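Engineer: Model the full assembly from the supplied sequences, consistent with the hints where possible.
Order-wise, the sequence lines are chains A, B, C and D. Per the numbering used here, residue 10 is the first one in the first sequence, and the count goes up by one each step. Per the numbering used here, residue 10 is the first one in the second sequence, and the count goes up by one each step. Per the numbering used here, residue 10 is the first one in the third sequence, and the count goes up by one each step. Per the numbering used here, residue 10 is the first one in the fourth sequence, and the count goes up by one each step.
For the record, the hints were derived by calculation from the structure and aren't laboratory data. From a predicted model like this one, the values you see are computed outputs, not experimental measurements. Warning: the hint list may mix true and false statements.
A pair holds if it fits inside one copy or across any two, identical chains being indistinguishable in the list.
[Claimed, not checked] Calculated pairs, DSS-like style, for lysine-lysine (alpha carbon to alpha carbon, straight line, at most 25 Å):
| hint | residue 1 | residue 2 |
| --- | --- | --- |
| 1 | 51 | 258 |
| 2 | 156 | 211 |
| 3 | 274 | 259 |
| 4 | 18 | 71 |
| 5 | 259 | 96 |
4 protein chains.
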Amino acid sequence: ENRARLIIKCPDQPGIVSAISTFLWNQQANIVSSNQYTQNPKGGEFFMRLDFEYQPGTNIEKLKQEFQEIADRFQMEWRVSLVHELKNIAIFVSKEPHCLLELLWEWQSGDLMANISVVISNHENSRQLVEGLGIDFYHLPITKETKQEVEAKQKDILEDYDIDLIVLARYMQILSPTFVDVFKNRIINIHHSFLPAFIGAKPYERAFERGVKMIGATSHYVTNDLDEGPIIEQGTEPVSHEHNVDDLKKIGQSIERRVLAQAVKWHLEDRIIVYGNKTIVFE
Amino acid sequence: ENRARLIIKCPDQPGIVSAISTFLWNQQANIVSSNQYTQNPKGGEFFMRLDFEYQPGTNIEKLKQEFQEIADRFQMEWRVSLVHELKNIAIFVSKEPHCLLELLWEWQSGDLMANISVVISNHENSRQLVEGLGIDFYHLPITKETKQEVEAKQKDILEDYDIDLIVLARYMQILSPTFVDVFKNRIINIHHSFLPAFIGAKPYERAFERGVKMIGATSHYVTNDLDEGPIIEQGTEPVSHEHNVDDLKKIGQSIERRVLAQAVKWHLEDRIIVYGNKTIVFE
Amino acid sequence: ENRARLIIKCPDQPGIVSAISTFLWNQQANIVSSNQYTQNPKGGEFFMRLDFEYQPGTNIEKLKQEFQEIADRFQMEWRVSLVHELKNIAIFVSKEPHCLLELLWEWQSGDLMANISVVISNHENSRQLVEGLGIDFYHLPITKETKQEVEAKQKDILEDYDIDLIVLARYMQILSPTFVDVFKNRIINIHHSFLPAFIGAKPYERAFERGVKMIGATSHYVTNDLDEGPIIEQGTEPVSHEHNVDDLKKIGQSIERRVLAQAVKWHLEDRIIVYGNKTIVFE
Amino acid sequence: ENRARLIIKCPDQPGIVSAISTFLWNQQANIVSSNQYTQNPKGGEFFMRLDFEYQPGTNIEKLKQEFQEIADRFQMEWRVSLVHELKNIAIFVSKEPHCLLELLWEWQSGDLMANISVVISNHENSRQLVEGLGIDFYHLPITKETKQEVEAKQKDILEDYDIDLIVLARYMQILSPTFVDVFKNRIINIHHSFLPAFIGAKPYERAFERGVKMIGATSHYVTNDLDEGPIIEQGTEPVSHEHNVDDLKKIGQSIERRVLAQAVKWHLEDRIIVYGNKTIVFE
Numbered sequence: 010e011n012r013a014r015l016i017i018k019c020p021d022q023p024g025i026v027s028a029i030s031t032f033l034w035n036q037q038a039n040i041v042s043s044n045q046y047t048q049n050p051k052g053g054e055f056f057m058r059l060d061f062e063y064q065p066g067t068n069i070e071k072l073k074q075e076f077q078e079i080a081d082r083f084q085m086e087w088r089v090s091l092v093h094e095l096k097n098i099a100i101f102v103s104k105e106p107h108c109l110l111e112l113l114w115e116w117q118s119g120d121l122m123a124n125i126s127v128v129i130s131n132h133e134n135s136r137q138l139v140e141g142l143g144i145d146f147y148h149l150p151i152t153k154e155t156k157q158e159v160e161a162k163q164k165d166i167l168e169d170y171d172i173d174l175i176v177l178a179r180y181m182q183i184l185s186p187t188f189v190d191v192f193k194n195r196i197i198n199i200h201h202s203f204l205p206a207f208i209g210a211k212p213y214e215r216a217f218e219r220g221v222k223m224i225g226a227t228s229h230y231v232t233n234d235l236d237e238g239p240i241i242e243q244g245t246e247p248v249s250h251e252h253n254v255d256d257l258k259k260i261g262q263s264i265e266r267r268v269l270a271q272a273v274k275w276h277l278e279d280r281i282i283v284y285g286n287k288t289i290v291f292e
Numbered sequence: 010e011n012r013a014r015l016i017i018k019c020p021d022q023p024g025i026v027s028a029i030s031t032f033l034w035n036q037q038a039n040i041v042s043s044n045q046y047t048q049n050p051k052g053g054e055f056f057m058r059l060d061f062e063y064q065p066g067t068n069i070e071k072l073k074q075e076f077q078e079i080a081d082r083f084q085m086e087w088r089v090s091l092v093h094e095l096k097n098i099a100i101f102v103s104k105e106p107h108c109l110l111e112l113l114w115e116w117q118s119g120d121l122m123a124n125i126s127v128v129i130s131n132h133e134n135s136r137q138l139v140e141g142l143g144i145d146f147y148h149l150p151i152t153k154e155t156k157q158e159v160e161a162k163q164k165d166i167l168e169d170y171d172i173d174l175i176v177l178a179r180y181m182q183i184l185s186p187t188f189v190d191v192f193k194n195r196i197i198n199i200h201h202s203f204l205p206a207f208i209g210a211k212p213y214e215r216a217f218e219r220g221v222k223m224i225g226a227t228s229h230y231v232t233n234d235l236d237e238g239p240i241i242e243q244g245t246e247p248v249s250h251e252h253n254v255d256d257l258k259k260i261g262q263s264i265e266r267r268v269l270a271q272a273v274k275w276h277l278e279d280r281i282i283v284y285g286n287k288t289i290v291f292e
Numbered sequence: 010e011n012r013a014r015l016i017i018k019c020p021d022q023p024g025i026v027s028a029i030s031t032f033l034w035n036q037q038a039n040i041v042s043s044n045q046y047t048q049n050p051k052g053g054e055f056f057m058r059l060d061f062e063y064q065p066g067t068n069i070e071k072l073k074q075e076f077q078e079i080a081d082r083f084q085m086e087w088r089v090s091l092v093h094e095l096k097n098i099a100i101f102v103s104k105e106p107h108c109l110l111e112l113l114w115e116w117q118s119g120d121l122m123a124n125i126s127v128v129i130s131n132h133e134n135s136r137q138l139v140e141g142l143g144i145d146f147y148h149l150p151i152t153k154e155t156k157q158e159v160e161a162k163q164k165d166i167l168e169d170y171d172i173d174l175i176v177l178a179r180y181m182q183i184l185s186p187t188f189v190d191v192f193k194n195r196i197i198n199i200h201h202s203f204l205p206a207f208i209g210a211k212p213y214e215r216a217f218e219r220g221v222k223m224i225g226a227t228s229h230y231v232t233n234d235l236d237e238g239p240i241i242e243q244g245t246e247p248v249s250h251e252h253n254v255d256d257l258k259k260i261g262q263s264i265e266r267r268v269l270a271q272a273v274k275w276h277l278e279d280r281i282i283v284y285g286n287k288t289i290v291f292e
Numbered sequence: 010e011n012r013a014r015l016i017i018k019c020p021d022q023p024g025i026v027s028a029i030s031t032f033l034w035n036q037q038a039n040i041v042s043s044n045q046y047t048q049n050p051k052g053g054e055f056f057m058r059l060d061f062e063y064q065p066g067t068n069i070e071k072l073k074q075e076f077q078e079i080a081d082r083f084q085m086e087w088r089v090s091l092v093h094e095l096k097n098i099a100i101f102v103s104k105e106p107h108c109l110l111e112l113l114w115e116w117q118s119g120d121l122m123a124n125i126s127v128v129i130s131n132h133e134n135s136r137q138l139v140e141g142l143g144i145d146f147y148h149l150p151i152t153k154e155t156k157q158e159v160e161a162k163q164k165d166i167l168e169d170y171d172i173d174l175i176v177l178a179r180y181m182q183i184l185s186p187t188f189v190d191v192f193k194n195r196i197i198n199i200h201h202s203f204l205p206a207f208i209g210a211k212p213y214e215r216a217f218e219r220g221v222k223m224i225g226a227t228s229h230y231v232t233n234d235l236d237e238g239p240i241i242e243q244g245t246e247p248v249s250h251e252h253n254v255d256d257l258k259k260i261g262q263s264i265e266r267r268v269l270a271q272a273v274k275w276h277l278e279d280r281i282i283v284y285g286n287k288t289i290v291f292e
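Structural biologist: Given below as C-alpha cells:
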C-alpha cells in the first residue's frame, strides 16, 4: 500500500510540527499516526515518528528531495522508509533454538513484517528447521583461531543477502569491534538477565547463587562494550526458592522470546530512535 | 506556568494537523507533546490532544476566538484547558475508606493536581480524616424515602463548590438519572470487578462462588446503565483456592485504589476523550 | 525413576497427615514435596498432594491395597499415580493452530511430560505439522447432520489410543453431553475471554464493542454448561483504544497459549483437584 | 485463638514428617496448613512450616520440651511461635515517608499483625503523623561524629520496647556492624533498585542514565555487606524514555511500598527461613 514513515531528530524549537505537517498536506499525504518526544522544550532534542499515507503515484524520491529543504532549516537527521519495502534480516544463533523459533513463528504467522533471508549458526542443530521453511542456513563453526576468517565469511554472506538487520537470537559469540562498527544500531541482541544485573556469562547461575526473587531478559543494540548497548526492552518474571538453575533457564526462555521478538518488531516498524546510549521507543 | 491543552474530535481528513500546528506556530506557542488517534484515515473520526506552551501575556480568550475559525472548517468539537486552573473535585464515599485514602494520599504528595473541595458521605466514619486535612465534609445519610431530597442537597453543595468532577470512591448508592445527566462524563466510579464480569452487587462474593483465578477492578464514567458506562481503566491480580471472600476483598482493595487513582489523574490531565460508549485515553 | 504422587480428598479431622506420613515412612518412602489445603479445620474438606520417592522394587499394587485401610478410616477419595507412567493426550483443534503449536513446542522441548498420541481436527490445515512430528492426525469434518456419527468415530479413536486427557486447543465445536460425561474432569478447554465475561461466541468482538481495557483467556474443565466448568487458570493483558478486533485476537492468542499450556501441565502433574465447580491447584 | 507455628530446618531424611505429624496428633493438635521444601531428598537440607491449632489449655512450654526429643533425633533447628503473641516492631525512617505510611496504613486496617512500638527518625517531619496514631516517635539526628553515640541510644530504645524486628523504611543511614550483628536476620531493608543492579546510592539516577526499561525494588535482611543480604522479595514496573528521574522515583515509590510491606508481613507470619545468603519463603 502507499504507506511510509518519517523519522526525525533535531534540536527542539517552535514550528517543527507545523512545517512538517504542512509539507505533507501539500503533498496530499494523510498523517495516520504521529508520535513525538522532546527532552526539554527549551534547548533539548526533538524526536518524531510520522506514519503517513501518500497519494498513489507519488514520486518518493522527489518528495525526499523537497523535504531536504525543511530538514536543512531545522538541522534534522531524518529518513523516510516505505512500509512495503521489507527489511532483510539475518538471524545468528548458537545451540539453544527458542529465540530463533519464536522469530520464525511470528514470521510465519505474518506478525513480523520482514524477509528472514538467512540464518547463520556455529552449530548444525537448527538446519532442518530453518531449511524446512525455505530459508538459507549456514553452519559456520568458530574457534579462537578461525574467528577472523569466519567473520569475514559472515560479512560476505550479509552483503550477498543485502542484510539490513542482524538479530543475535542467543548467539554465544562476541562479535569483533570492526564487525560491530559496520552494523551500528543494526544488531539486536538478547541478554538473559535484567541488565545491568548479571552482565556477561552465566547470568542464570549467578541469579540462582544470589537468591533473587525475579529474573529477567534484556534486548539491546550491540556496541563494543559487552551488554552495555542501548536497551530496547526488558521483561521480568517472579521466581522462588523452589526453582533451581534449570527452572530459571526455562522461565527465562519465555521472557527472552517475548522481549527479543518485541524489540525486533519495533525496529522493523521504525519505532526506535537511538540517542546517546539510550533508546526512544514510540510504541 | 504558561501551559495549556487543546483537545479535539472531528471527522478525519487531510490537513488537520497542518492547520492546528500552523495556528499554534503563528501564536508563537510551542507544542510540548502531541497524541492523535484516527479510527480510519478514510471517513473515520480523528482525535487529538496537544500540550503546548504559550507566550507569557497571551490573551487566551482571543486565542480561542481565533481558533474557532479552524474548528468550524473541520467541524471540530474542541476545548482548551489551562494547566494552572485546577479542577474542583467532590469525592463521594460510603463506609470503606481505602479509595478515599488513596486519593487524599496522592493529593497530599502533589501527584493529583486538583482541588479536593469537598467529601460527601452517607457515613460519619471518614469525617476526622477529611477535616484533619482541611477539607469540608458533609454527612448525608440516605434512605429510599429521603433519596430525592438528599440528592437535591448534594447538588446544592456541588454548585456551591463549583465542582468539575465527582469521584465515587466506593460510594454504594445508585445516583438517579437526572443527577447523572447533569454531570455527563464528569462522574468517575470504581467498580470492584473486572467488567463486564460481575456487574452489580457483591462481585467478590460472586467471584468466590465462580472460582475465578483472577479478580479485578474497573474505573468508568457513570451512565444510567448500571456499570455499563465508558471504561477508563482496569486492573487484575491472580488469586487462588486458598483465598476466601475476605482475602479477595483485601486483594481487590489494592487494585481498586490503583485503578481509580489512575482514572482520576487521566481525567484531570485531559487525557480522556469519550466516544460513544468507549474512551480514548492518551497516556 | 521411583516417583509417585498421592492425591487425597476427605473430611478434615485430626490425624490425617500423621496417618499418611507414617504409612509412607513404614514403606521406606521419602516425601519429596507436600501440599495441603483445608477449607475449614472444623468440619470442612481436606485436600492433599504428596510427591514421594519409593524404594526400588516396591510393589505398588500391594502398597495401594495396604493404603486402602487408611483411606477407609478417613473416608478418602484418593489415587496414586506413577510419574514414569505418562498420560496419553488427544488434542482437538479447529483452524487456528496457535494453541496446538504451543503444546507441541512444549512437548518437543521436554516440558510437557505426556504422550501426545493423536490430533483430531475438523480442518486439514494442521496435518503436515502434526504428522511431521510423528503424531497421528485425523481429519473429521463436522456438520449438524454428521455430528453424532463423528463423535462416535472420535470416541473410537480415543479408545484405540487409550486417551487419558482431551485438550480442546481452540476446537470450535460444542461436544455433546454424553461425550462430556464419559470424560468428566478430563477435557480441558481454552476459552478466549476472562470468564465469566463474554461467555459464548465471538468474545474478542464483544470485548472490542464494550471498550474493555484488558482482555483475557480462561482454561477450564468442560462440563455441559457452556463455559461454566471449573476454572483452572486465567490470564490477562492490557489493551487500548488503538487496538482493533484483529489486534485483540493477536494479543489474546499469546494469553491463550500460556494459559492453556499451564493448565495442561498442572493436570499432567496431578496438581488439580476438582471440588464442586471449582479447582484446587497445588502449584 | 489457639494457633501456633512450628518452623524447622534439618538435614533431609525419611521419617521427619511422620515424626512431627504424629507428635502433633498425640497432642490433639490439628494441622491447618503445612509447607515444606527439600533441596535434595538425598543429603540436602529440609525446611518446614506448620500452622496448627492446639487444644485450649495446652501447656506450650511442656509441648516444646517434649518436642525437643524429636528435634534432637533429626538434628533440627526449630522454633514455635504463638499467633496471638504479636511481635514488636521498630520502624526507622529518614525524610521520605511513603514506606512508613504504607506500613502504618496496613497496620491500621488490621493487615499487619504486630505492635508498631516505636518510630525512630533522623528527621522531624514524620512526628505528627506517628504520634497522631499513638505511636512513640524519637528524633535522633545523625552525623559522622555522633553516629556511635546515636546508635547506643537507638539500642537502648530498642531494648526498652523489647523490639523483635527493625524495619528500615527508607532509612538512609548505614548501620554499624556491631548493631547489625545484634539483630541478625531481624532487620528488613527496602533498597530502591532491582538488586544486584544499582547497589548503593542514587539507584534511580543511575537507572535513568543507563536507560533501563524497567525499574524495581528489593526487600532484604540487612547484613554487613551493603545491599548484599538475603533477598526476601522484589518487584518491577515498566518505564519509558518519557520518564525523567523524578518520574522514576514516583513509580519506584509504589513498588517500594508494596515490596517492603510484603516482606514485613511474611516475616511476621514466620514464613521466611534464612539459609546461607538466601531465603526460603513459604507463601
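Engineer: With reference to the structure, classify each hint as holding or not holding.
Structural biologist: Against the structure, the hints come out as follows:
1. 51 to 258: The answer is between: 24 Å across copies meets 25 Å, while 47 Å in one copy does not.
2. 156 to 211: within (22 Å within a copy, 41 Å between copies)
3. 274 to 259: For residue 274 and residue 259, both the intra-copy (23 Å) and inter-copy (14 Å) Cα distances are at most 25 Å.
4. 18 to 71: Classified as within; 21 Å inside a copy, 33 Å across copies.
5. 259 to 96: Between copies, since 22 Å is at most 25 Å while 31 Å is not.
In the structure shown, no violation is registered for any of the earlier numbered hints.
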